[in-house]
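Visitor: Top line first, the protein sequences correspond to chains H and W. In terms of the working numbering, the first sequence opens at residue 1464 and continues consecutively. In terms of the working numbering, the second sequence opens at residue 1464 and continues consecutively.
Derived by calculation from the structure, the hints in this document are not laboratory data. Ideal placement from N, C-alpha and C gives every residue a C-beta, glycine not left out. Accuracy of the hints is not assured; some may be wrong.
[Claimed, not checked] Using 27 Å as the maximum straight-line C-alpha spacing, the simulated DSSO-like pairs for lysine-lysine come out as follows:
#	chain 1	residue 1	chain 2	residue 2
1	W	K1679	H	K1708
2	W	K1594	H	K1594
3	W	K1679	W	K1535
[Stated by the list, open to error] If you want the footprint, here are the derived chain W segments under chain H, 3+ residues with CB under 8 Å:
#	segment
4	1581-1588
5	1619-1628
6	1638-1645
There are 2 protein chains.
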Amino acid sequence: MSKDNEEMVVTPWETRGKIDYDRLIQEFGTSRIDEKLLKRIYKITGEKHIMLERELFFSHRDIDWVLDEYEKGNKFVIYTGRGPSGGVHIGHMVPWIFTKWWQDKFDGTRLYFQLTNDEKFWFEPDLSIEKVRELTYENALDVIATGFEPENTYIIQDIEHIDLMYEIAIQVAKKITFSTARSVFGFENSMNIGGIFYPAIQAVPAFLHSWIYGKKTPCIIPCAIDQDPHWRTTRDVAEKLGYYKPASIQNKFLPGLQDASGKMSSSQEMSAVYTTDTPKKAKKKVMAAFTGGRDTADEQRKLGANPDICSVFKYYTFLFMPDDKELDNLEKQCRSGEILCGECKQILAPRMLEFLEKHQAAREEAKERIHEYSAARLRDDIRR
Amino acid sequence: MSKDNEEMVVTPWETRGKIDYDRLIQEFGTSRIDEKLLKRIYKITGEKHIMLERELFFSHRDIDWVLDEYEKGNKFVIYTGRGPSGGVHIGHMVPWIFTKWWQDKFDGTRLYFQLTNDEKFWFEPDLSIEKVRELTYENALDVIATGFEPENTYIIQDIEHIDLMYEIAIQVAKKITFSTARSVFGFENSMNIGGIFYPAIQAVPAFLHSWIYGKKTPCIIPCAIDQDPHWRTTRDVAEKLGYYKPASIQNKFLPGLQDASGKMSSSQEMSAVYTTDTPKKAKKKVMAAFTGGRDTADEQRKLGANPDICSVFKYYTFLFMPDDKELDNLEKQCRSGEILCGECKQILAPRMLEFLEKHQAAREEAKERIHEYSAARLRDDIRR
């Protein structure tokens, strides 16, 4: 767990200090998602989404422009991804769930989902090829279990599908100097030469559709704000290579169950409910979660608790309590001391378990269907 | 043309100053090819080779060890390559001809021939993907026309065959830090991130056979001495990845026709006979070649000329005058002033043209057979 008084550092590979999202918007040069943009989105989707309403997705680049194009009949594609350095937990899935909504509501938009196993191999000193390959497979099951439709979804595994990507990657790489990479990503001289090359690989899916089908196509990237350095370099090279700059819609970090301050570390076993956890284990983790409660029940009844720093409340907010009235009510009960943390967790646990149960069933089914989602299908479409 | 008083710089991408081969052996830490090693090689090959006899190939790493293994029945593979940044000229082919002899004499050894089109794309600012692809094809024709047997020869085109290479490349890349790459290759901060990654790609064919067939196999790399930095990093990572360190046998630089001091620049059109030159053009280039002659015929008859700095004499030495007696005789005539440069060139020209004629016929035939040599055939052998 990081110390809040540390200087804020946010890169794709490191997050330190207390996160100031306003400062990130300013420093990264992104735009806040405002009321006007929300209205535009909802006009097309026909419904609101809690992750937008409750500002989990809070920042963007060029979404308004993509909507202009969309309304002119110029469809976009969606690109998101995951680095398979470990198992998937509920926190990882939150932006995927949003991505699925986005895909569905924008009439079956095509999704490129990148599993960056080369990245994780390069950035995790002790991760072997065998292990990262196993994790890639396991993570792919979770992606599929999220419910994406196979006909519009292409899961790219970098190592296995490099043949689909290398020609674009070498062109991106040629346009990024070490100086630029160092200043954008903070690379040290001890970084391995794979890690230094890697930003070229992460740029590829933003251009892949345009490259394969020979038609400049807008691309939206839903992702956590810490990936923004990648999109800065990607956007910087895009027009030089004849592509549109990718747009992005960016979410805040999801808290772990042991820490509501902003980051979810997958290295702390107890801090997250994994998609493969047994109900017993998942419930144990929920019941042990960090909250904004007081030291004693008496004190809490008297003074109330603080939902702003509570990991359980975050999970209600972003996933398990879509009903605004119910959430408002819970917040009031919490602040007033009307409800204690144990009781509150007893409400979360069954919702979490229901989610898990459904997900695990879908995950089992995914094992038979993994090829239906493979980016290998794109090989037939590539015009040489 | 470089100035001889400049400091000597030899990297895979830059050669400057007067080349001191003894100093290179010392600085790079390679071994001189000595009489004992020559005898061992000839014992197996059953015949001498002028490129060894006349010290064009002068330096090596671990060839004695590879011969030990060979005599124990542990066969090796050969790996060489070319960066397709332009047309192929006769100078480029000299080490290929040696490689073919080596392949033939060591009973049909397998050869991996890498065409590093990604490298050239990254290192030549103005080279486009389309152009480098065209050059790769044209260069492959020259490789094939050298006479390698298809059943033992696999031409790797980096961009097209990256799927065969990436899994090894990412493992190599993980073991090389930017610090190391910078100190070995002299990379500046302005180098693009593709160029920085590239040494990992050039390492791959040294390990490819072992990786595909799951059996540690020695590898010999015949190449110019300026590639040695690559083999230093390749050798450095080899054992960490479970492979043998590749051996190498290294040649001196071949002079251009305008410069016998050590480098052949393909950027000066007149300085080299290209494999696609017409007989007329080739002859013109030979007749215009730089020699060690005097300013006037009278002076030369009196004082003699200097074959040591003569590009024509170099071509006799390494390619067109395999007969020792004939070469000795020519040298005497040259030093004594008995033969003038024009007459001497008249002997070279028909030999060069005969070589070209045969090569161009083979090059035409190669167009129909390019797939027979493609490394794409390896896809069937890869054990996943």
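Visitor: Which hint numbers does the structure go against, in order from smallest to largest?
Guide: 1, 2
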